[in-house]
Amino acid sequence: MHIADLLRGLDYFGTVVFAISGALVAARKGMDWMGFAILATVTGIGGGTLRDLILDRPVFWVSHWEYIVLCVLTSLVTFYFVPHIRRRYSWLLWADAIGLAVFSVLGVQIALSTGTSPFIAIIMGMMTAAFGGLIRDVLAGEPPLLLHREIYASAALSGGVVYALLVVVLHQPIWALILGFIVALVVRALGIVYHWHLPAARSA
Amino acid sequence: MHIADLLRGLDYFGTVVFAISGALVAARKGMDWMGFAILATVTGIGGGTLRDLILDRPVFWVSHWEYIVLCVLTSLVTFYFVPHIRRRYSWLLWADAIGLAVFSVLGVQIALSTGTSPFIAIIMGMMTAAFGGLIRDVLAGEPPLLLHREIYASAALSGGVVYALLVVVLHQPIWALILGFIVALVVRALGIVYHWHLPAARSA
Amino acid sequence: MHIADLLRGLDYFGTVVFAISGALVAARKGMDWMGFAILATVTGIGGGTLRDLILDRPVFWVSHWEYIVLCVLTSLVTFYFVPHIRRRYSWLLWADAIGLAVFSVLGVQIALSTGTSPFIAIIMGMMTAAFGGLIRDVLAGEPPLLLHREIYASAALSGGVVYALLVVVLHQPIWALILGFIVALVVRALGIVYHWHLPAARSA
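Chains as they are written, first to last, in UniProt numbering: chain P, 1 to 204; chain A, 1 to 204; chain F, 1 to 204.
With the rest of the complex left out, here is chain P (with noise of 0.2 Å):
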């Protein structure tokens, strides 16, 4: 398999668990499938949307139309399974921690192909897969997981380290991938499982 068919494939894999996780929002909030629709969309795309425009690349979507439709038709398909689903909030979790992993690695690989230095682009990963989450949570008026989870955004800049080191220092590419997905998921899962935290300033 050629390495860019993997990017192009983890791509809309993360697209579609990041919808998922939007759409997720949508129905604790009793939206109808239109917000359903929105909200899986801005989650799925947002990320990538921010990384393109402060890289002043052209916005990926805006070629590639597939992934709005990959989001629409992910956040119909959760619609009608969402009376289903038990443990929710669960799912949510879980598909936005895949999410996670996939977009800190590809955020930083994308960075990287442009020529930014890799501490931006290590940047531009958390940035890539922080920030769809960020604006689902923003626009449904929920406290962002971003900034009030144990071990989220740590767990992003775990993946993208992993993956510019692998990449920029030992010229691993598929490795990279590879070890910087488990990484970030398995630093994000350990907090999600465990509620692992960082140490945290005492409120005002």
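Some hints here could point you the wrong way.
Partial selection, computed: residues in chain P whose CB lies under 8 Å from chain A [to be verified]:
#: 1; residue: His-2
#: 2; residue: Leu-39
#: 3; residue: Pro-58
Capping the alpha-carbon separation at 25 Å, the derived lysine to aspartate or glutamate pairs in DMTMM-like fashion look like this [stated by the list, open to error]:
#: 4; chain 1: F; residue 1: Lys-29; chain 2: P; residue 2: Glu-142
#: 5; chain 1: P; residue 1: Lys-29; chain 2: F; residue 2: Glu-142
#: 6; chain 1: F; residue 1: Lys-29; chain 2: F; residue 2: Glu-142
#: 7; chain 1: A; residue 1: Lys-29; chain 2: P; residue 2: Glu-66
#: 8; chain 1: A; residue 1: Lys-29; chain 2: F; residue 2: Glu-142
#: 9; chain 1: A; residue 1: Lys-29; chain 2: A; residue 2: Glu-142
#: 10; chain 1: P; residue 1: Lys-29; chain 2: A; residue 2: Glu-142
#: 11; chain 1: P; residue 1: Lys-29; chain 2: P; residue 2: Glu-142
#: 12; chain 1: F; residue 1: Lys-29; chain 2: A; residue 2: Glu-142
For each label pair, taking beta carbons as the anchor points, the in silico distance ranges come out as [unchecked claim]:
#: 13; chain 1: F; residue 1: Leu-6; chain 2: A; residue 2: His-195; range: 30 to 40 Å
#: 14; chain 1: A; residue 1: Arg-86; chain 2: F; residue 2: Val-169; range: 30 to 40 Å
#: 15; chain 1: P; residue 1: Glu-66; chain 2: A; residue 2: Leu-165; range: 18 to 28 Å
Don't read these hints as lab results, they were simulated from the structure.
Source: prediction; values computed, not measured.
All residues carry an ideal CB built from backbone N, CA and C; glycine is no exception.
With chain P held as given, fit chains A and F onto it using these hints.
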């Protein structure tokens, strides 16, 4: 009348009605006139700004400063008339509905003029129409009309589809503008008057 | 001292004080140090990022990564000092006020340097000064200072107008920086100390 003049006039008109809707939300929140000016301006130019950023066009109001002046003047007039307005929420809904109808059509027109596919152009029309009101509601801390209203984004979608069909298939730009606007406004009006809504998910 | 050095130094200074204001809001919300770093960074670079996107310039921190480092270091220092800070809300208001004064002047300077009209440059100055704090408040779920405070945007506007007049009419860039900064800070300080406010609409 030249069609470029018609488009410019419609754009001013949509900007003013959206600015009124922003000022009316500022009134509900008891803001001062600076808050009126800011919320009116963000609502009036927000959708077009996001559209231009994503399409990688120069942001329209940077060279056409009259849009900012229009929004600020509109906000000040609204500020002085607000104490005399009864049933402000009803006015807000209708100002928002007219802005939605104008911008759903103009957004498609501008996106098509940059060479995007009709599908993406319709999405850009919805975004142009919806984003100003969305950012207005988020800044004011209100649940977004876009996500929680009966028949809101659907109205923008209907208008955009009618416009795109009449332009791309039948090459009737003037009729496309008129009919697209009417369809979007009528669909939204039915939603407001009869409280029509799409099927919603059962809230968790 | 070369004026370019002065501008760069002022820009670092404004970034740091805004980052402090973001970290202090993170402290109020009891966030962990990752939340501190994210909220500080978004507040420190948010206004300049939006300004660069709208003016179609390269986003400043993509090539100058030291801005991100500055924000993250500032947030960590604030994180460790926060338990020892009394009257944090007062510190937040003053850090925000200094950032507002610096960025209202620098935003105008950068916009003028890209050839925009003085009117639009003043608007860009307000946006540079206000957007970082606005996104900080929206992400933290607080009512935006920008929209609800006595004399906030007005201070940025005053500083920007003084700067633009002194540069465009009198060709005095250094005095413009100094006086623009002082005017913006004094106007904001009067608002903070005396609780001055503009006339507000009667709430519905």
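Each hint tested on the structure:
1. Among the interface hints, the one on P/His-2 is violated; its C-beta lies about 26 Å from the nearest C-beta in chain A, farther than the 8 Å criterion.
2. A distance limit of 8 Å between C-beta atoms decides the matter here; for P/Leu-39 the minimum to chain A is near 7 Å, and the interface restraint holds.
3. For the restraint placing P/Pro-58 at the interface with chain A, the shortest Cβ-Cβ distance is roughly 6 Å, inside the 8 Å limit, so the hint holds.
4. Note on F/Lys-29 and P/Glu-142: the hinted pairing holds, with a Cα-Cα distance of about 14 Å set against a maximum of 25 Å.
5. Of the supplied pair hints, the one linking P/Lys-29 and F/Glu-142 holds, its CA atoms being roughly 21 Å apart against a limit of 25 Å.
6. Of the pairs offered as hints, the one joining F/Lys-29 and F/Glu-142 holds, with about 10 Å between alpha carbons and a cut-off of 25 Å not exceeded.
7. As the CA atoms of A/Lys-29 and P/Glu-66 are separated by approximately 41 Å, the hinted pair breaks the 25 Å bound.
8. The hinted pair formed by A/Lys-29 and F/Glu-142 meets the criterion: a straight-line CA distance of about 14 Å does not exceed 25 Å.
9. Distance restraint check for A/Lys-29 and A/Glu-142: the Cα-Cα separation of roughly 10 Å lies within the 25 Å cut-off, and the hinted pair is therefore satisfied.
10. Between P/Lys-29 and A/Glu-142 the CA atoms are separated by roughly 14 Å; this keeps the pair inside 25 Å, and the hint holds.
11. At most 25 Å may separate the alpha-carbon atoms for a hinted pair to count; P/Lys-29 and P/Glu-142 meet this at roughly 10 Å.
12. Between F/Lys-29 and A/Glu-142 the CA atoms are separated by roughly 21 Å; this keeps the pair inside 25 Å, and the hint holds.
13. Between F/Leu-6 and A/His-195 the C-beta distance comes to about 60 Å, which lies outside the given range of 30 to 40 Å.
14. Roughly 46 Å separates the CB atoms of A/Arg-86 and F/Val-169, a value that falls outside the hinted 30 to 40 Å.
15. Range check, P/Glu-66 to A/Leu-165: about 22 Å between beta-carbon atoms, so the 18 to 28 Å window is met.
Consistency with the previously given hints fails for numbers 1, 7, 13 and 14, ordered from lowest to highest.
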